[in-house]
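K.L.:
One letter stands for each residue in the lines below.
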Amino acid sequence: MSEPHMDTPEELDRMNARPIDEPAPTGADQILDQGVRDPDALLEVDHVTLRFGGVVALNDVSFSLRKGEIFGLIGPNGAGKTTCFNAMTGVYRPTSGAIRFQGQSIVGKKKHEITRGGIARTFQNVRLFPEMTALENVMVGADAHHKTSVISALFRLPRHWQEERSGRERSLELLEFVGIRRRAGDVSRNLSYGEQRRLEIARALATNPTLLCLDEPAAGFNPAEKAELLELIRRIRDTGVTVLLIEHDMRLVMGVTDRIVVLEFGKKIAEGTPAEVRDNPAVIAAYLGVPTDAA
Amino acid sequence: MNFSGLIDNFGPLTVAGLAQGAIIALFALGYTLVYGVLRLINFAHSEVFLVGTYACLIIWGWFGLDQNSARPDFGAMLGYMALGLVAAIVVSGTVALGVELVAYRPLRRRNAPPLAFLITAIGASLAISEFVGVATHRNQRGVPPIIQARTVITIGNTHITNLQILIIALALVMMFVLDRFINGSRLGRGIRAVAQNPDSAALMGVNKSRVISLVFLLGGLMAGIAAVMYDLKIGVTKYDAGFLLGIDAFTAAVLGGIGNLRGALLGGLLLGVLQSWAAGLFGSNWLHAAAFVLLVLILMFRPSGLLGESLGRARA
Ligand SMILES: Nc1ncnc2c1ncn2[C@@H]1O[C@H](COP(=O)(O)OP(=O)(O)OP(=O)(O)O)[C@@H](O)[C@H]1O
Ligand SMILES: [Mg+2]
Numbered sequence: 001m002s003e004p005h006m007d008t009p010e011e012l013d014r015m016n017a018r019p020i021d022e023p024a025p026t027g028a029d030q031i032l033d034q035g036v037r038d039p040d041a042l043l044e045v046d047h048v049t050l051r052f053g054g055v056v057a058l059n060d061v062s063f064s065l066r067k068g069e070i071f072g073l074i075g076p077n078g079a080g081k082t083t084c085f086n087a088m089t090g091v092y093r094p095t096s097g098a099i100r101f102q103g104q105s106i107v108g109k110k111k112h113e114i115t116r117g118g119i120a121r122t123f124q125n126v127r128l129f130p131e132m133t134a135l136e137n138v139m140v141g142a143d144a145h146h147k148t149s150v151i152s153a154l155f156r157l158p159r160h161w162q163e164e165r166s167g168r169e170r171s172l173e174l175l176e177f178v179g180i181r182r183r184a185g186d187v188s189r190n191l192s193y194g195e196q197r198r199l200e201i202a203r204a205l206a207t208n209p210t211l212l213c214l215d216e217p218a219a220g221f222n223p224a225e226k227a228e229l230l231e232l233i234r235r236i237r238d239t240g241v242t243v244l245l246i247e248h249d250m251r252l253v254m255g256v257t258d259r260i261v262v263l264e265f266g267k268k269i270a271e272g273t274p275a276e277v278r279d280n281p282a283v284i285a286a287y288l289g290v291p292t293d294a295a
Numbered sequence: 001m002n003f004s005g006l007i008d009n010f011g012p013l014t015v016a017g018l019a020q021g022a023i024i025a026l027f028a029l030g031y032t033l034v035y036g037v038l039r040l041i042n043f044a045h046s047e048v049f050l051v052g053t054y055a056c057l058i059i060w061g062w063f064g065l066d067q068n069s070a071r072p073d074f075g076a077m078l079g080y081m082a083l084g085l086v087a088a089i090v091v092s093g094t095v096a097l098g099v100e101l102v103a104y105r106p107l108r109r110r111n112a113p114p115l116a117f118l119i120t121a122i123g124a125s126l127a128i129s130e131f132v133g134v135a136t137h138r139n140q141r142g143v144p145p146i147i148q149a150r151t152v153i154t155i156g157n158t159h160i161t162n163l164q165i166l167i168i169a170l171a172l173v174m175m176f177v178l179d180r181f182i183n184g185s186r187l188g189r190g191i192r193a194v195a196q197n198p199d200s201a202a203l204m205g206v207n208k209s210r211v212i213s214l215v216f217l218l219g220g221l222m223a224g225i226a227a228v229m230y231d232l233k234i235g236v237t238k239y240d241a242g243f244l245l246g247i248d249a250f251t252a253a254v255l256g257g258i259g260n261l262r263g264a265l266l267g268g269l270l271l272g273v274l275q276s277w278a279a280g281l282f283g284s285n286w287l288h289a290a291a292f293v294l295l296v297l298i299l300m301f302r303p304s305g306l307l308g309e310s311l312g313r314a315r316a
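So the protein lines, in turn, are chains A and B.
Everything in the first sequence is counted per the working numbering, starting at 1 for the first residue and increasing by one.
Everything in the second sequence is counted per the working numbering, starting at 1 for the first residue and increasing by one.
Rather than coming from a laboratory, the hints here were simulated on the basis of the structure.
All values derive from a computational prediction rather than experimental measurement.
In this text, a Cβ means the ideal position worked out from N, Cα and C, and glycines have one as well.
Only true hints are included.
Covered stretches of chain A (in silico footprint by chain B; criterion: 3 or more residues with CB under 8 Å from a CB of chain B, positions within the stretch not fixed):
{"#": "1", "stretch": "105-112"}
{"#": "2", "stretch": "134-144"}
Residues from chain A shown here face chain B by an in silico Cβ test under 7 Å; the list is partial:
{"#": "3", "residue": "T89"}
{"#": "4", "residue": "T115"}
{"#": "5", "residue": "R116"}
{"#": "6", "residue": "R127"}
{"#": "7", "residue": "F129"}
{"#": "8", "residue": "E131"}
{"#": "9", "residue": "T207"}
Using the sequences and the accompanying hints, generate a full structural model.
P.N.:
Okay, here's the thing in structure tokens:
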């Protein structure tokens, strides 16, 4: 069981190069990297570097998300996209830099606290609770916001039942929303691959997120399934949830996102609207694997 | 070998084995719950049981009861039973939580390798039993006669006592309650989520530390009940009582499929009955040896135990 090292926030502050609560210094490189700091940003990734031994998985990466947008995070294999999600959700702690969500630092917070605070995610390789039914999987997510104590659950007090019932109803609605309600009672490992991916989205939505992070949700999908997924992502956005999408399929990303950040070898190489990014020579080079000057 | 002894006493041996097995099963739940969630053999669980066997004796002692006391009347018996159970449950539960907090949590924080946990587990187990040993001068302590064991059902030569019925019924009821809790409540869902995928459980908002504490607590509660039943059945306890029965309980958990609640019940009952039969067949000196040979044979054919390993596999 690999629980990453967890220190108290105070310790972490001391260990970080810059105290995480202090605003980042505003210098020339800041303006260059991030443009004007957006006070309404939902999530700010602020000069984040994350090393695994010698590997620099994220190298001074900065970007910020605005509420209500669909934001794309793209880049070739090994670019650091999943690592970025892991840093945002408390799986790994950045070596340096800050991550703020709704203005508050989340570096050093525990995973479940970050989730309860409003960031939910799915995984590149599906990670469901294999022996639970689809409904139970979603209810685990819904449980994140339930208040009843151990005592009232042990003695099954009315309040506990009421929360259990409302969690159940909401979970069924979410299964309906992602289109797999008829599989509610089936053990999740028996679901098809596509259904499992949808179930992961439903489970993440059940935690009632402000920001939903999807790690290659269309991996292994055929074009028809991809089209359905796009439709689903838009519907999620329409419910007021901000979406951060990692995706390999450029057409898919271009079609659905409002803004995009491109990573390569852990560095941000471009940021902008889909049209801007598509025409950026560095991005073309990264995707075609040719040096920038030859593109 | 004494085949006729086994056959003639088949009924009594089986009932005695079931009662012993019920205690083993309740005890085994603690190993299985913790293993299911942490993949850790909590060797200190035998001392969680041990302190329970003393906790009820101490409470009864406060009321002036010792092994030479007169038998209480029915009403008082009920009161003393309730008191003894509460004391054992509270003390065993607290010690279980304490062991997790002091011995395992700091290691988990530091991402210690599994061997470190194993050593700590053995260390915690020894430390507690030695502490009890020193505190009691390694003397055994007698149990007051709270319940008068008397035959209430007779079938042929099988005399079933009220105490045997109490022990078996209590084990079954507690198993049922625990099973409903794990498979039918929010907290149980959290436990199964952590058992099936600890990392994604945390990322879905499950507080892993709380789930782990809860699992130790539940194991402690069950061990506390087992401890009171053990006292009443055996009539004495001693600082090494947890160690000896703990091996049986751990074995039962593995036999049923460690990590599997229903497996612990099945494994406990089966081991109790096998030991009882072995005692009838070979004499009581062979009780453990014979039962363990059978255990090895069973594991050869079902390496992950009779019901398989998963705590998550609700519908085993
Ligand atoms: N736990 C880890 N330990 C060591 N190195 C790691 C770890 N996780 C990621 N890396 C390395 O960090 C780099 C970025 O990996 P990451 O998984 O973030 O890439 P990605 O952009 O998600 O790639 P893909 O498109 O293949 O999913 C890679 O070189 C990878 O090998
Ligand atoms: Mg990835």
